[in-house]
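Visitor: What follows is the residue order along each chain.
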Amino acid sequence: MCLAVPSRVISIDNETALIDVYGARKEVSIKLLSETPNIGDYVLVHAGFAIQKISIESVHSGMFMHESSLAINIIDIAQTQCRDRSCTAVDSVTVRLGKASGVLPESLEFAFNALKENTVAAKAKLIFEIVPVGGTCRTCNKEFEAYDKPYVLSCPHCGSTEFEITKGREMEIVSLDIN
Amino acid sequence: MKVKVVTRILEANDRIAEGNRKRFQEAGVYVVNLMGAPGAGKTTLLERTIQALKSRLKIGVIEGDIVGTDDAERISALDIPVVQINTGGACHLDANMISEVLAELPLKTLDMLIIENVGNLVCPAEFNVGEDIKMMVLSVAEGHDKPLKYPLMFRESKALVLNKTDLLPYIKTDINKMRNDSLALNPQLKVFEVSCSTGAGIDIWAQWLAGLKS
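These protein sequences, in sequence, are chains A and B. Note that my numbering has the first sequence beginning at 2, numbered continuously upward. Note that my numbering has the second sequence beginning at 11, numbered continuously upward.
Watch out, some of these pointers could steer you wrong.
Using 25 Å as the maximum straight-line C-alpha spacing, the simulated SDA-like pairs for lysine to any residue come out as follows [said to hold, decoys possible]:
#1 B/LYS159 with A/GLY103
#2 B/LYS14 with A/ILE13
#3 A/LYS168 with B/ALA22
Simulated from the structure, these hints should not be mistaken for lab results.
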């Protein structure tokens with residue numbers, strides 16, 4: 002999946018801007034923006050280019066994609082759970098990700114850490130449970146798992162192509178540690 | 011304190027997709043989510059398909075692109091209702107973007123709504139928008155290694171259109187491997203071979219698509 006990162010403009014020199022990405026400084030091209038941003042504005046950066054100017058509200062509301070949007074959903078769910086149980090902070094969130102979900106745990110963690118500021122999850126850690134792709138063979142009736150690839154083409158036991166995939170697409174929150 | 015929750019991370023999207031699906035069912039419109047990489051020929055296949063089916067089906071289109079209205083203009087030239095969504099950087103359409111533009115389409119008068127997703131072989135497969143089927147276009151020029159490199163979209167799709175078959179004599183793509191790997195990932199997949207340039211295979215494909223709405 003893709004990740005576009007919200008970044009603050011520090012200075013501008015012609016078509017290049019110096020940006021702050023959660024503490025890291027980086028130069029990006031602002032050629033693709035329709036208007037020159039002001040110092041202090043937030044822009045969305047993807048692959049070395051500022052691709053869009055965004056409001057500070059949207060930085061916190063999740064107008065951008067992709068692992069970022071998943072991270073925001075996680076923070077939203079954590080916030081709702083916290084409110085329902087009248088607690089104030091989340092220590093950790095355990096997330097179950099299937100190998101075939103298309104989500105990169107590192108990117109999701111990066112986005113989560115970048116977006117959790119000023120929320121109940123500000124100090125929360127993400128804990129991952131990675132689920133391999135697995136299924137049941139209709140020919141030999143055995144269960145199998147694939148550890149190296151996000152797909153299965155034939156049953157590893159008998160070679161049959163008649164099988165049912167039963168796991169590997171998970172993308173869910175399993176539990177929250179709250180106090 | 012440990013709290014068990016087990017909530018799908020994309021639950022919010024799925025909820026909105028369910029709302030879209032209800033609106034589509036009430037309007038009696040069949041919805042196709044058309045996916046594929048940039049340059050695979052999604053818009054051209056759409057043009058060909060509309061031309062082939064226009065006399066039989068009332069078709070509407072939602073065009074998803076990061077920027078620009080080029081695709082919507084091409085579809086609009088065929089005199090059918092079209093709405094352009096610009097995602098402004100996002101790499102796929104989600105259920106909310108679709109729900110926001112539905113009021114701009116005469117849904118009740120349509121038989122079929124085709125949603126052309128943002129050109130991308132990865133993310134669009136992950137987001138339901140309330141469609142009846144997902145399908146994809148893969149041009150033979152993209153290479154026969156693509157099904158196994160991007161398995162999710164092949165697995166999620168009901169139909170795969172292999173486009174640009176007129177280029178086969180000039181490239182090294184093994185179309186049999188392309189088809190076989192796709193079918194290995196998804197044995198139920200319907201595979202069509204077409205050339206939008208020459209028109210080869212378009213009739214068979216369009217016939218199948220029209221058959222879904224009955």
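Visitor: Let me make sure I understand: some of the numbered hints might not hold for this structure. Which ones are they, in numerical order?
Guide: 2
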